[in-house]
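*Asks:* Going line by line, the protein sequences match chains A and B.
For the first sequence, counting from 1, position 707 maps to 707 in UniProt numbering; every step adds exactly one.
For the second sequence, counting from 1, position 217 maps to 217 in UniProt numbering; every step adds exactly one.
Derived by calculation from the structure, the hints in this document are not laboratory data.
The beta carbon of each residue, even a glycine, is placed where N, CA and C say it ideally should be.
Errors might be hidden in some of the hints.
What the hints assert, rightly or not - Covered stretches of chain B (chain A as the covering partner; in silico rule of three or more C-beta atoms under 8 Å from a C-beta of chain A):
1. 78-88
2. 244-251
3. 382-396
As the list claims (entries may be wrong) - Restraint-style ranges between C-beta atoms, simulated for each label pair:
4. Lys182/B / Glu739/A: 45 to 53 Å
5. Leu103/B / Asp384/A: 48 to 56 Å
6. Lys112/B / Arg658/A: 53 to 61 Å
7. Leu103/B / Arg551/A: 16 to 24 Å
8. Asp384/A / Gly106/B: 40 to 48 Å
9. Val149/B / Asp586/A: 24 to 32 Å
10. Lys119/B / Gln729/A: 31 to 39 Å
11. Gln651/A / Leu103/B: 51 to 59 Å
Claimed, not checked - If we take Cβ atoms under 10 Å as the criterion, some of the chain B residues that face chain A in the derived model are:
12. Asn183
13. Lys186
14. Asp189
15. Glu190
16. Thr221
17. Met227
18. Asp237
19. Phe370
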Amino acid sequence: MATSSERSPPPFPDSEDQDVLDAEEVRGRDSDEDEDLFGSTSTSPVTEMDTTPTSDVSMKPPSDIMNDPLIEPMSSQTGNKPASEPSDDFFDLTNNVSVVAAAATKSDDFVDILGSETGAQRGEVVKADVTVEATIDRSEVTAGVIDPLSQQEAKQTSTAPVIDLSGDSQPVTSKIADPLVALFSDAPPAAEAKKPSSANVDLFDDEEGSDIFAEPLQTKPAKQPQKSLFGEPDEDVFGEPLGAISKKPVPKELKEKSVTTKVTAGGPLQDSKPADIFSQAAASTPSVTSTVNPKTNGVHSEEDGDIFAAEATVELSLDSPRNERKKEATAKPSAPAPTSLPAAASLAKPQPPALEELEEEEEEEEEDKFDIFVSVKDPEKIGDGMNAYMAYKVSTQTTLPMFRNKTFTVRRRFSDFLGLYEKLSEKHGPNGFIVPPPPEKSLLGMTKVKVGKEDSSSTDFVERRRGALERYLQRVVNHPSLLQDPDVREFLEREELPRAVSTQALSGAGFLKMINKATDAVSKMTIKMNESDVWFEEKLQEVESADQQFRKLHALVESLVVHRKELSLNTASFAKSAAMLGSAEDNTALSRALSQLAEVEDKMEQLHQEQAASDTFTFAEMIADYIRLLGAVRGSFDHRMKAWQRWQDAQSMLQKKRETEAKLLWANKPDKLQLAKEEIAEWEAKVTQYERDFERVSATVRKEVIRFEREKTKNCKRQVITYLECLLQSQQQLIKYWEAFLPEAKAIA
Amino acid sequence: MTSIDENSKEKLRSVSVDLNHDASLLIDIPDALCERDKVKFTVHTKTTLSSFQKPDFSVPRQHEDFIWLHDTLVETEDYAGLIIPPAPPKPDFDSPRDKMHKLGEGEATMTKEEYTKMKQELEAEYLAVFKKTVQVHEVFLQRLSSHPVLSKDRNFQIFLEYDQDLSVRRKNAKEMFGGFFKNMVKSADEVLISGVKEVDDFFEQEKTFLLDYYSKIKDSTAKAEKMTRAHKNIADDYIHISATLNSLAADDMTANKKNLEKLSDLFEKFRKVEGRVASDQDLKLTELLRYYMRDIQAAKDLLYRRARALADYENSNKALDKARLKSKDIPQAEEHQRQCLQKFDKLSESGKKELTSFKGRRVVAFRKNFIEMAELEIKHAKNSVALLQGCIELLKSN
Numbered sequence: 001m002a003t004s005s006e007r008s009p010p011p012f013p014d015s016e017d018q019d020v021l022d023a024e025e026v027r028g029r030d031s032d033e034d035e036d037l038f039g040s041t042s043t044s045p046v047t048e049m050d051t052t053p054t055s056d057v058s059m060k061p062p063s064d065i066m067n068d069p070l071i072e073p074m075s076s077q078t079g080n081k082p083a084s085e086p087s088d089d090f091f092d093l094t095n096n097v098s099v100v101a102a103a104a105t106k107s108d109d110f111v112d113i114l115g116s117e118t119g120a121q122r123g124e125v126v127k128a129d130v131t132v133e134a135t136i137d138r139s140e141v142t143a144g145v146i147d148p149l150s151q152q153e154a155k156q157t158s159t160a161p162v163i164d165l166s167g168d169s170q171p172v173t174s175k176i177a178d179p180l181v182a183l184f185s186d187a188p189p190a191a192e193a194k195k196p197s198s199a200n201v202d203l204f205d206d207e208e209g210s211d212i213f214a215e216p217l218q219t220k221p222a223k224q225p226q227k228s229l230f231g232e233p234d235e236d237v238f239g240e241p242l243g244a245i246s247k248k249p250v251p252k253e254l255k256e257k258s259v260t261t262k263v264t265a266g267g268p269l270q271d272s273k274p275a276d277i278f279s280q281a282a283a284s285t286p287s288v289t290s291t292v293n294p295k296t297n298g299v300h301s302e303e304d305g306d307i308f309a310a311e312a313t314v315e316l317s318l319d320s321p322r323n324e325r326k327k328e329a330t331a332k333p334s335a336p337a338p339t340s341l342p343a344a345a346s347l348a349k350p351q352p353p354a355l356e357e358l359e360e361e362e363e364e365e366e367e368d369k370f371d372i373f374v375s376v377k378d379p380e381k382i383g384d385g386m387n388a389y390m391a392y393k394v395s396t397q398t399t400l401p402m403f404r405n406k407t408f409t410v411r412r413r414f415s416d417f418l419g420l421y422e423k424l425s426e427k428h429g430p431n432g433f434i435v436p437p438p439p440e441k442s443l444l445g446m447t448k449v450k451v452g453k454e455d456s457s458s459t460d461f462v463e464r465r466r467g468a469l470e471r472y473l474q475r476v477v478n479h480p481s482l483l484q485d486p487d488v489r490e491f492l493e494r495e496e497l498p499r500a501v502s503t504q505a506l507s508g509a510g511f512l513k514m515i516n517k518a519t520d521a522v523s524k525m526t527i528k529m530n531e532s533d534v535w536f537e538e539k540l541q542e543v544e545s546a547d548q549q550f551r552k553l554h555a556l557v558e559s560l561v562v563h564r565k566e567l568s569l570n571t572a573s574f575a576k577s578a579a580m581l582g583s584a585e586d587n588t589a590l591s592r593a594l595s596q597l598a599e600v601e602d603k604m605e606q607l608h609q610e611q612a613a614s615d616t617f618t619f620a621e622m623i624a625d626y627i628r629l630l631g632a633v634r635g636s637f638d639h640r641m642k643a644w645q646r647w648q649d650a651q652s653m654l655q656k657k658r659e660t661e662a663k664l665l666w667a668n669k670p671d672k673l674q675l676a677k678e679e680i681a682e683w684e685a686k687v688t689q690y691e692r693d694f695e696r697v698s699a700t701v702r703k704e705v706i707r708f709e710r711e712k713t714k715n716c717k718r719q720v721i722t723y724l725e726c727l728l729q730s731q732q733q734l735i736k737y738w739e740a741f742l743p744e745a746k747a748i749a
Numbered sequence: 001m002t003s004i005d006e007n008s009k010e011k012l013r014s015v016s017v018d019l020n021h022d023a024s025l026l027i028d029i030p031d032a033l034c035e036r037d038k039v040k041f042t043v044h045t046k047t048t049l050s051s052f053q054k055p056d057f058s059v060p061r062q063h064e065d066f067i068w069l070h071d072t073l074v075e076t077e078d079y080a081g082l083i084i085p086p087a088p089p090k091p092d093f094d095s096p097r098d099k100m101h102k103l104g105e106g107e108a109t110m111t112k113e114e115y116t117k118m119k120q121e122l123e124a125e126y127l128a129v130f131k132k133t134v135q136v137h138e139v140f141l142q143r144l145s146s147h148p149v150l151s152k153d154r155n156f157q158i159f160l161e162y163d164q165d166l167s168v169r170r171k172n173a174k175e176m177f178g179g180f181f182k183n184m185v186k187s188a189d190e191v192l193i194s195g196v197k198e199v200d201d202f203f204e205q206e207k208t209f210l211l212d213y214y215s216k217i218k219d220s221t222a223k224a225e226k227m228t229r230a231h232k233n234i235a236d237d238y239i240h241i242s243a244t245l246n247s248l249a250a251d252d253m254t255a256n257k258k259n260l261e262k263l264s265d266l267f268e269k270f271r272k273v274e275g276r277v278a279s280d281q282d283l284k285l286t287e288l289l290r291y292y293m294r295d296i297q298a299a300k301d302l303l304y305r306r307a308r309a310l311a312d313y314e315n316s317n318k319a320l321d322k323a324r325l326k327s328k329d330i331p332q333a334e335e336h337q338r339q340c341l342q343k344f345d346k347l348s349e350s351g352k353k354e355l356t357s358f359k360g361r362r363v364v365a366f367r368k369n370f371i372e373m374a375e376l377e378i379k380h381a382k383n384s385v386a387l388l389q390g391c392i393e394l395l396k397s398n
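This is chain A alone, in the form it adopts within the complex (with noise of 0.2 Å):
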């Protein structure tokens, strides 16, 4: 996080940076303040639409009261969208883009969020040393994105905002390429004429999108012209408008709305306006995209962004819920995820009706979608004594256009994956991610490993470890949030990567986090969580029971393996014994036969290490993985407890406030009264604000731990799968060698 500032454009408003700046902060602060502000009032919106029919929203009535709020410059992208006629002010800004006009203030305008974006854009792809590739790597998402989704005929609701996005990215990336003009001002029109029409599913077809926009963007040629022209004018041109542009008007309107609207009290303006939705995400734009966390602004801009046609984002996930939403009329966004973070998160919203269809979704999209595979191998041992350590290399295949090479690898240590580890639990654990656990680190094994003793239990240890790690990260990287990440694309492409502190076991962080873990089970027990949603229950009771009992099935497992080696020791002595037996039998046919049986027990014993071997790695370290992972949903599972606590702690306290002002209205103390009707409102907004965060959280959860399962099914299926034909070829094998020693046993005369 903190890294993205180095690259976190100029045009940022100062309040802004700091953003970026205190990662950590920036979520508390976020979920305490921004989040707050809009996310509350952003809810009501939506949840009223349920009221409202889905064209309604989209079509007529916006216009009319998004106009109104909207004089700020926010008016000309937000009346783009609802009201078919704007697409002239559309193109007229886009043209202006293009022409780099900075000055009016449509343009300005849409630069702003251009702005914006590509700083969010920017945050996400952190690393990259020149502004170039933030661009790059973002349209080369879009055009990732739209392929696996244009080709599934799917649902048209998702492929059809990803059109938007592929159209509208295409402005964003184009727009100062000459070669794109044409292309580009087709593109608008088209998705204008489907945005205005609510029923853009029927319109939009997704052939027809994809042909137009999609193409395009993914020939190279489109490419480099963006590349070139976009990223340097990118910062420059728009950069600097967009630094005096949302310092300004967009604060300022966010108070304004939020102060206009209560935005605290979800309860008098819940009925406020659609406009109230955009005029107020378009707001938010700038504060939140730059960083990764504030999810629910997050979603907001961009549903603002590609509503409005303004620039594409990574996240075409967010539109399907989006559209989803409003065709569904389900409304109540109860979860208006993540979305920095694209596919999984925006599908982790849908309520229970909408799952089923978002889950088929999603499966087809994985598929298509996480073309990469990282291999860890080479353990080598750098160093000597006791800070020795292990690198290994970390390869990466890909074909993701977000990755500058298709093949790539680094050296890491493996206080490194712990580092990642820290870093993505860190981010994305409060919000119900299920973020997949590295190994663990053993003192024994290494120290076994550090003193250098090339005994087969070190170098078992180093295997196992390898195995865990690259099962570890190809976790991460199918992980379509995760994917996003970062700190993951960093991990796995950066050549040098600062030294992960804070996972050595013994050190002072170590000690922290110990007591951190104490705190928490403490915590964890106090809890008392009456569970409303039986779902929770019973998967949380499930998961526990399914740790129990693979850490059961572990411990056999592992046993099996002993006693597999006991059996190889064994075979091997009486394979010796056989022999010296063989060598003082007299007969000879006999003793021929004793030496082959030897031989065959010799063999039989080189099936039984393999065996051993293969019950370790692919049996027992499968299920070693799903304890880890288990532990990681309870975790997930933890983090919604935790998030309940919040909320109730809140409502707690809302009513203390509410009892402080009926004794105040009763002891007749007006300026008190004052502040406690503040205090009050105040509260009212964290109890929406946690609660909502609360259902988020939930929402995700319940997605991670499907697909969790989902994922286990076919992970374990195929680990079984690899398992059982070891045992079969170990078998075959085995007849093989007892039928060469048959004849053998019948010469004997």
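Using the hints provided, position chain B relative to the given structure of chain A.
*Replies:* Frame of chain A, contents of chain B only:
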């Protein structure tokens, strides 16, 4: 209380020795009862020999009776030149009993199903040990019955015919110690007479061979035992794994359920195959080695007796020389010397025959067992392969 049925026993019939069945005297143990640590065997005899009162009869016998019979045979001077079939080992149910005990302790950590399976497995193991015990006792009698000389032994016939409890006096502590002492003396004697120069190359060779072979086969037996036990452990592990997978499947509500169930099923079948592999290995390999270890000990005993006779002959020669020197008791010494020589020659002659036939018997038994073992291994492995292939296909198609 366990009794075995004829059928299963028939299958298990030992092939450790190849007996030239003489239809005139057929012995088997169709039934046995286990009471506490005593095993009562029912010894059934079918005969056409006129020395028996009836052609068909059964008597109850205990392990101690077998030992008594063996000991009396060994002590019979006339049989010194024969390889006395080794006495059957004492029934040993300690290992399955210990395991049963452990299982009872660990009951809490297992599911009911798992426990039942483990118990079944142990019962099967117990039964196998029991059958093996019956079998070795039977083989002992059969070897006696097929021996041209030993089958005519009076004590043997009494053992078979006397329909009351033999109520062989159990050895008391003094006698036990005496037996131990006798063994010590024998060992010391063996060392002493080892200095006696061998006159016959055949016996010289046999001696070195048997000594060497004995130590080798003893080692092999121990190793094979360990190996089969390890195999058994693996089969037991499969039981637990199968049970755990099953309970995992029971809890699992996802699509994984079926996979887990199948896997559990596979392991369940697999453990049966693996258990069979272990028990067949035990029967065909370990038992064979174990039996010949004891048989070689018996052959060694024969060699010892012959060597003793040789030493006696040498001593009588010396005594005769002395007597001649002193011209005193010459005829007595001559007579003694002649007797010793006669005994030694007789021993050598029958010993040579016995050892040669022993060699042939051993080779045949090894051949038979090896072939059977290889065939069984192949059969089981093919079974496993079929199981695995079936399971893999099921999983893949799913």
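*Asks:* Does each hint hold? Answer for all of them.
*Replies:* Structure-based check of all given hints:
Residue count for the segment 78-88 of chain B with a Cβ under 8 Å from a Cβ of chain A: 0. That is fewer than the three needed, and the coverage hint is violated. Check result for the segment 244-251 of chain B against chain A: holds, 5 residues qualifying (beta carbon to beta carbon below 8 Å, three or more required). For the segment 382-396 of chain B, the stated coverage by chain A holds: 9 residues have a C-beta nearer than 8 Å to a C-beta of that chain, and at least 3 were required. A C-beta distance of roughly 50 Å is found between lysine 182/B and glutamate 739/A, which places it inside the suggested range of 45 to 53 Å.
Range check, leucine 103/B to aspartate 384/A: about 50 Å between beta-carbon atoms, so the 48 to 56 Å window is met. Separation of lysine 112/B from arginine 658/A is about 56 Å and conforms to the stated range, judged on CB atoms against 53 to 61 Å. Evaluation of the 16 to 24 Å hint for leucine 103/B and arginine 551/A yields a pass: the beta carbon distance comes to about 21 Å. Roughly 46 Å separates the CB atoms of aspartate 384/A and glycine 106/B, a value that falls within the hinted 40 to 48 Å.
Between valine 149/B and aspartate 586/A the C-beta distance comes to about 26 Å, which sits within the given range of 24 to 32 Å. In this structure, lysine 119/B and glutamine 729/A meet the distance hint of 31 to 39 Å, their C-beta atoms being roughly 33 Å apart. A hinted range of 51 to 59 Å for the beta carbons of glutamine 651/A and leucine 103/B is consistent with their spacing of about 54 Å. Below 10 Å, beta-carbon pairs count as interface contacts, and asparagine 183/B has none with chain A, the closest being about 25 Å; its hint is therefore violated.
Interface restraint check: lysine 186/B against chain A, minimum CB-CB distance 24 Å, threshold 10 Å, status violated. With a cut of 10 Å, the hint placing aspartate 189/B at the interface with chain A is violated, because the nearest CB-to-CB distance is about 25 Å. The restraint placing glutamate 190/B at the interface with chain A is violated, with a minimum CB-CB distance near 20 Å, outside the 10 Å limit. Given hint, threonine 221/B at the interface with chain A, holds; its Cβ is 9 Å from that chain's nearest Cβ, closer than 10 Å.
For methionine 227/B, the shortest C-beta to C-beta distance to chain A is roughly 4 Å, which falls under 10 Å, so the interface hint holds. For aspartate 237/B, the shortest C-beta to C-beta distance to chain A is roughly 4 Å, which falls under 10 Å, so the interface hint holds. Interface hint status for phenylalanine 370/B: upheld, as the beta-carbon distance to the closest one in chain A is roughly 4 Å, under 10 Å.
Hint compliance for this structure: hints 1, 12, 13, 14 and 15 are not met, and every other hint is.
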